[in-house]
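*Asks:* Throw the hints in and build the complete structure from the sequences for me.
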Amino acid sequence: MADHAGRAEPAVRREPGLRSVVGADYETRGVTKAFGDVTVLRDVTVHFYRGEIHSLIGENGAGKSTLVKVLAGMLPADQGELVLDGQRLPALTPRDAQRHGIYLVPQEPRLMPDLSVAENLYLGALPTWRLGTVSWRRMIDTTEELITSVGLRADPRLPAGRLSLAQQQLLECARALSHGCGTIFFDEPTSPLTARDAERLFELMWQMRDQGLTLGFISHRLDEIEAVSDRITVLRDGDVVARAERGTWTRENLVTAMIGRKLTITRRAERTAGPGAVMVDVEDLVSPPEVNGMSLRIRAGEIVGLAGLVGSGRTEFAETMFGIRHPASGTVTVNGRNITGASPRKCIDAGLIYLAEDRGRNGIFADVDIARNATSAIVGRLPKVAGSFVRPWKEQELAQLAALEMDVRASSIAAAMKTLSGGNQQKALLARWMLAKPRVAIFDEPTRGVDIGAKESIYSIIESLVASGLAALVISSELEELVRMCDRVYSVYEGRVTGELAGDAVTLEALGQLAVGA
Amino acid sequence: MTTAKNVTAASPARRELSMPPRWTLLLRRREILVTAVIVIVVAASTAAHPYFWASGNLAFIFADSVVITFLALGESFVMIGRGIDLSVGAIMGLSAIVVGFRIQNDGLPLLPAVLLGAAVGIVLGLGNALLVGVVRLPPIIATLGTLSVYSGLEFVVTNGNQVDTIPSSITNLGSDTVLPGIPVILLLTLPFVLVSAWVLRYTTFGRSVYAVGDDAEAAYRAGIAVQRVLFLTYVISGLFAGLGGVAFLIYTSGASSTTGINDNLTAIAAAIIGGTALTGGVGGALGALVGSVFLTVTLTALSFVHVSDVWQPAGVGVLVLLAVLYDSRSRAGGTRRRAKRQRQGGPR
Amino acid sequence: MTTLALPRRWRVPAWGACLVLAIIAELVYFTLTTRQFAGHGTGMLDLTEQFAPTGVLALGLAMVILTGNIDLSCGANASLAAVIAGTVLAKGGGPGLAIVAAIAVSTLFGLFNGIIVAFVGIDSLLVTLATQFIVTSIATSVAGASPPFGFSSAFQLIGQGSVNDVPIALLIFLVIALAVIVTTGYTGLGRSLTLIGYSPRAALYSGIAIRGSLTAVFTLCGALSGLAGVLLAAYYNSAQPDIGTDLLLPAITVVILGGMDIFGGRGRIGEVVLAVFLLGFLSQGMLIEGDSSLSITMITGLVLIGALVIKFAFERNLRQRLNARMRRFRTLSRDPHGPEGHGS
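Chains as they are written, first to last, in the working numbering: chain A, 1 to 518; chain B, 1001 to 1348; chain C, 2001 to 2344.
Quick caveat, the hints were computed from the structure, so don't treat them as lab data.
For glycine and all other residues, C-beta sits at the position ideal for the given N, C-alpha and C.
A hint or two may mislead.
Restraint-style ranges between C-beta atoms, simulated for each label pair [claimed, not checked]:
no.	chain 1	residue 1	chain 2	residue 2	range
1	A	Glu199	C	Val2120	58 to 66 Å
2	C	Ala2005	B	Val1157	34 to 42 Å
3	A	Asp239	B	Val1134	43 to 51 Å
4	A	Leu508	C	Gly2121	55 to 63 Å
5	C	Val2120	A	Gly336	31 to 39 Å
6	B	Val1195	A	Glu226	58 to 66 Å
7	B	Ala1119	A	Pro90	42 to 50 Å
8	C	Gly2121	A	Gly86	39 to 47 Å
9	A	Leu131	B	Leu1110	26 to 34 Å
From chain B, some residues computed to sit far from chain C (all C-beta separations above 10 Å) [as the list claims (entries may be wrong)]:
no.	residue
10	Leu1033
11	Leu1110
12	Leu1131
13	Ser1148
14	Leu1188
15	Arg1228
16	Thr1298
*Replies:* And the structure:
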């Protein structure tokens, strides 16, 4: 039976529910994918087997997320083929993929906040009754069953917006099962989860695997990968560089494969001058529920790191310092001034800047040119005539100088920000913040979504700024990054500082242990 | 990335999210709240002016609300889908004019008149539907444009005349009462309200409107034909506006070139008071009914306490502000509305 | 060696050019087909008196739309200002007092709008919807049974007088236009407004004073609505309480026709000014030709829709060309990230 587009419908009638879902043998053969003239996947062949958890690892930009999007029909491959149970699949849309039993649990589950859990589960495929009317009774009952089977305990009639992120992810899993999908890919599901929530997810995944489902898993955390996977494929810069089955890998081999060189973290040279005066003094900052009493101190000329899993409250802490969130109690003092609870504007004027974690949403003005992006933080302090009227030419020159200093690569500062790569966007944002002449800077995931070349660039920029007296706080999930740059590192777990390492004690192992609260 | 996590608790009971028992939920529903306020207003007005409670007066009030109920009903469909229709008043006016002339000049009986009104409404609603659903103009601009065009058409069609003679066989529907205080015309609106409520709750189309209003992109990815759903909501809005035009004729037995021009925003106000939000995803048909009755009752009560008619628009404005303030307060803690609103803003 | 060139000093805006061409076309058309249009050469200038108030209103509205908001009450605000000016004049006050009182009141309502939108956080569509109703009632109430008319000639000069054949109303409009262009393009406030329109969140994180800027822009819109109301009262020599409400639709049309994005951010005030003239001469020409003012409303609606359809098609074409340019101007260093910016 083929639909009007000539695509073959799968012969198997799929029934929802964990017990009756079956995984498929799914492989990509020679898949190549490029965005513009940048090749993200190059001749990638990966085989996902039934009854296995197959993990994809690789650095940022290696192509993992793109690969699973191709697998789930979200993106078309330029070349290569997808083979499901021996049959070559024609071009896929997400709907087609679902009909074939393939489902992608996205990085950020996106649910309809006002619709009930049950409706979210059955979105687009509501169970019907006579004459095509919606059968609420059946929907709620089966929802109850499904979500319990994935470990989600919530009333199906609840508006989905009230679920926590971890619960929403479980709901996405339930969605996959409700569509009768047995081949499920997880795109970095654990990044925003606490350790406990991640455990629950793994238990579900193991259950699914034992039932014979086919599971693909992407994560940055090697200890998770090692604990969970039956098979690992390593991607690097769009190529498959290594494959390993359970029992045949070592941590070192994996890391080497991922970054292509023996891991030598060169710590930057010890500073010649000792750190200067205390620039930032935070006492017992509380902003429930994520920030539960954090204190730290940063001196001029020092790079302090905040380590911890995503979700430990570090970004929320930074946002509380910067005035985006309101502190319930505690104090923040910058350069002698008490700025507790002050607006972002007042913080900037006091010398504190914050390079936001979510660049796309909170950082850039996508459709605006680089120049105006660069001057957006100093709108009140632009070079002016008669005290009020901006001199646009001077403004452009100022922006150009700042952007050049930060090594932004683009043809012109009139180019729209969205046309820049991630790395250049980040550098342009650095230009913006440096124009504000800060004394203290918080860098939240400064190299996320940034390619290797730009990463080095950003590291050296930060280091030279610090050498001239800036006090820097770096929030990062990449422990290597922290080890490389920081003089001291605080570890954060569930909104509290759980430890501090300084100088030579800042090592990967030590950080890793502290970060997971051990 | 902020998450509302159930952090520290180890006990499973903490992690479970349950709904309060159904009856408390029912009590908290917007429609019930507004009805309660209506009862309070009626009680207070009767205390101040016993005539308020007289059956003739109540019938008058309910009949008065019928036109706005139709407009608000159609508007609700559109608003739940996160759109807006600024042309409903003009559509109603045009329908009243076209049908009115046919009744006046050609003696059109009631049932064909209703069908004609519906047809006019559908055709005019198609204009909006094409602009928003096919051409994909922002709803504010599209319906503003059609508002101008349809308002102008009202003048063109009347051509200097007006509708002023409707046979009493028809207008009696507006004044006759079934039970004391319940005009026939109110009963005529009830089937439409109930059918709409049923469609919104029990058909896949109806649920799709909520889905599209809540997150159009996610709805699209789930396989919902977003543009088609939006298209249909505007056709429905036109349909109800057309029916409202017939109701207008029944109730006021006349129509002119300025009919309906000011009713657009009153319809939106009624829908908002009844619980439908501009950001979409919530609301319903009963809310339209309750909202418009509430508006009419309150405005009539105001005139009973000798507040001049001049202040009626102000009354609507204040009520809308209050309703919206109440909404923003009660939703502040609950769902992720703010996140959704930040993503896209209003229905523009 | 990186390039990062400075932009060329001045580029011809495409949409503005289209508008200019359209204006020329319609002026030529009307001059040729309608005898009274060009008058004695200065006839065209006199016509601008009629739509100068709409233009002033549109300028205020444009600033609000720049931030991604809307002010549905500006027309009613203008009506109220007209009524207040008329009432002051009728009670014996001088033109100066009348103007000040009128603009003061409308500014206050603008401030009210601004505070509710900026500090209470309610969507501007809803707030100004409600305010429109409230202000309409107040205007009707103040105007009373017999709205004021027949004002002093000094006052009428504003709306009907000219200096060297150039109508004063037109001069006022152009001065305000210049002021708004300078404010939005060359001041800190203007920068803030545009950035808020492009991305309120990014503006927040950049330390832009969102609440202050929004309050200011609504207040300015209120003030300009007041000025529009004064011009209306002077031109028509009467102050009916709905004198300004009819201007809302044309004002919004003009702003959109002028290329502003209803979602905020994009748009040039200069092009809005051009659109004022385009639509203004269009309505005036049609009026002189003998079309009723109501088919003009229809045509306005059609022009709005037509212009937008063209613009959307225009932009889709532009977007394709932009994508091609994007691929060429990609960074020199190897970058495995697509336009999305993120990647794993």
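*Asks:* Against the structure, test the hints numbered earlier, and report the numbers of the ones violated in rising order.
*Replies:* Hints 1, 2, 4, 8, 12 and 13 are the ones this structure does not satisfy, whereas the remaining hints hold.
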